[in-house]
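Peer 1: Each chain, letter by letter, is given below.
Number of protein chains: 2
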Amino acid sequence: MPEGIEGWVERIKAGDRRAVARAISAVESGDAAGVELVKRLFSAGGKARAIGITGSPGAGKSTLVEKLAAEYRRDGRRVGIIAVDPTSPFSGGAILGDRIRMQNLSADEGVYIRSMATRGQLGGLAPTTHDVVTILDAAGCDVVLIETVGVGQDEVEVARLADATVLMLVPGMGDDVQTFKAGVMEIADVFLINKADRPGADRVEQEVATMLGISPRLDGWLPPIVQTVATTGTGISEACEALERFFGFSQKEQLELGRQREKWRRRLLELLRQTLFEKVITERLPHGAIEARVEEVRQRHRDPHSVVEEIVKQSTAEGQ
Amino acid sequence: MPEGIEGWVERIKAGDRRAVARAISAVESGDAAGVELVKRLFSAGGKARAIGITGSPGAGKSTLVEKLAAEYRRDGRRVGIIAVDPTSPFSGGAILGDRIRMQNLSADEGVYIRSMATRGQLGGLAPTTHDVVTILDAAGCDVVLIETVGVGQDEVEVARLADATVLMLVPGMGDDVQTFKAGVMEIADVFLINKADRPGADRVEQEVATMLGISPRLDGWLPPIVQTVATTGTGISEACEALERFFGFSQKEQLELGRQREKWRRRLLELLRQTLFEKVITERLPHGAIEARVEEVRQRHRDPHSVVEEIVKQSTAEGQ
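Protein chains in written order, with my numbering: chain A, 1 to 320; chain B, 1 to 320.
Don't read these hints as lab results, they were simulated from the structure. Computed from a predicted model, the values in this text were never measured in an experiment. Check the hints yourself; a few may be wrong.
Put simply, identical chains are the same to the list, so a pair is met inside one copy or across any two.
[Said to hold, decoys possible] Result set (DSSO-like, lysine-lysine): computed pairs, CA atoms no more than 27 Å apart in a straight line:
no.	residue 1	residue 2
1	Lys47	Lys263
2	Lys39	Lys313
3	Lys252	Lys47
4	Lys263	Lys279
5	Lys313	Lys279
6	Lys252	Lys313
7	Lys313	Lys263
8	Lys39	Lys252
9	Lys263	Lys252
10	Lys263	Lys13
11	Lys13	Lys47
12	Lys263	Lys39
Use the sequences and the hints to build the structure in full.
Peer 2: Structure, rendered in structure tokens:
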């Protein structure tokens, strides 16, 4: 560590952007320092609203995030942005490149921008994102915008850790609305029909409204549908208002409480799963044990279930 | 169990479709019987080739799978089809509905079709798919086609368990090729440009070829690019040939060996992670322990990392 952890914690709490950036790097790389920071910063948080922005590639998520951030800044709020970059699981190369569009924002001391690579890690993206939100929260961000890559399982996991989720749809993306309907539509607290200057925006809005009418949410919230043209800024303030209305409803109806419990339950269980695994792998298994078993399984001398049952028995046997 | 496990095992090995279907259900629902069957069937497998079919929603994956299956059937091969349905993580409702298009195939005794719900399970789709492939393999399938929903992390995981992966692209899907380039393009052993009767197919092919030229695979395989129109069957036999060539290359160059080792390593580690977790949750933690901790974290009295470290310490303490 280049400085005492206490000094680092204080600088993050003071909103120092370099200290925040280094803390996020520590979390991302799985450093012990990252965990230590999150532990110490956790009690300072709880104020930031995390907003997940999901939608198909090409829906205009980055532009929307940029415009939302600018809108919140005009309101004097501090904004964190976590942009999830789909990094190749094989080559490790990022693809979205430098987010030049975000240049204006990154000159602003009240904005914290971070691209995060998914790196195909088994635990998914959500665990790291949790800790990054904790850091941004402690650094004084009022809003944390989490931009996901697409609308797959990872995105659903990320949405579950957000306090509100925006789903972006675009007219003319054909059967996407249809395809996402049951799988992802339910995660949306607010729908945005982006690129609404294209033909078909009203039809998409109608489809979403119909779908919401057919299967209303159990919590009583009727997700607003806002038409936007993110590139020109049209509809951005309406989108912010829709989010505010959701937060108001969520608090009044005590939805927030249930949602937060569910969020932390997931976080604890996922962290437990990962930590137990690492402990056994690093402390309980002799070096090369896994490789020898892989070979037995590959040759079909033994099956994976029997092998794992044996390892679990051995590695926790002393406790029986 | 409605019959002895030995009888069940024998009926699966004989290719009995009802026994196979019930075995897959047992695996999907996490029954102990499912694990027992997989254990007993594992040594009977190792012959089937698993082929992953990935691509954006709307790329025509289901139609392609149907046509590929028919082509393999003409060749006298037994075919398993695993279609991954994106089930809502909230409502649990499937969306792709009855696969009416597959009706012709399902009348064929040499075809085993199964839709699997992702159900948003934390471990992802891959673990269950592994066991289902084991069952279909033991039932005598020569080919198992695994159709994924989209091209997210789940799909990459599924691709990693397949012996070959087909990535479908479609002309006119705009920035998708661009977006997937580094994230998913590397998982493709064969590229299909489907709906190749649309304008732009040659341009997509050119883009893929350029990309493959810029970043060639380390294993020396140059993925073929085949133009198809799945609805009419155009290009299907060429797609099968491309796959055969890949399998030939893979065997000759011993890629298969490395790929299988990697597959079983992942499988063992994932299974270990899950089994350890379940053991601690069910056997070592007092009832209600997690809920009490969730509440402490939600109120920010304690942070998730400290809570989990404590649980891990306690649940494995007897072994120290």
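Peer 1: Go through the numbered hints given earlier and state which of them the structure violates, listing their numbers in rising order.
Peer 2: 6, 8
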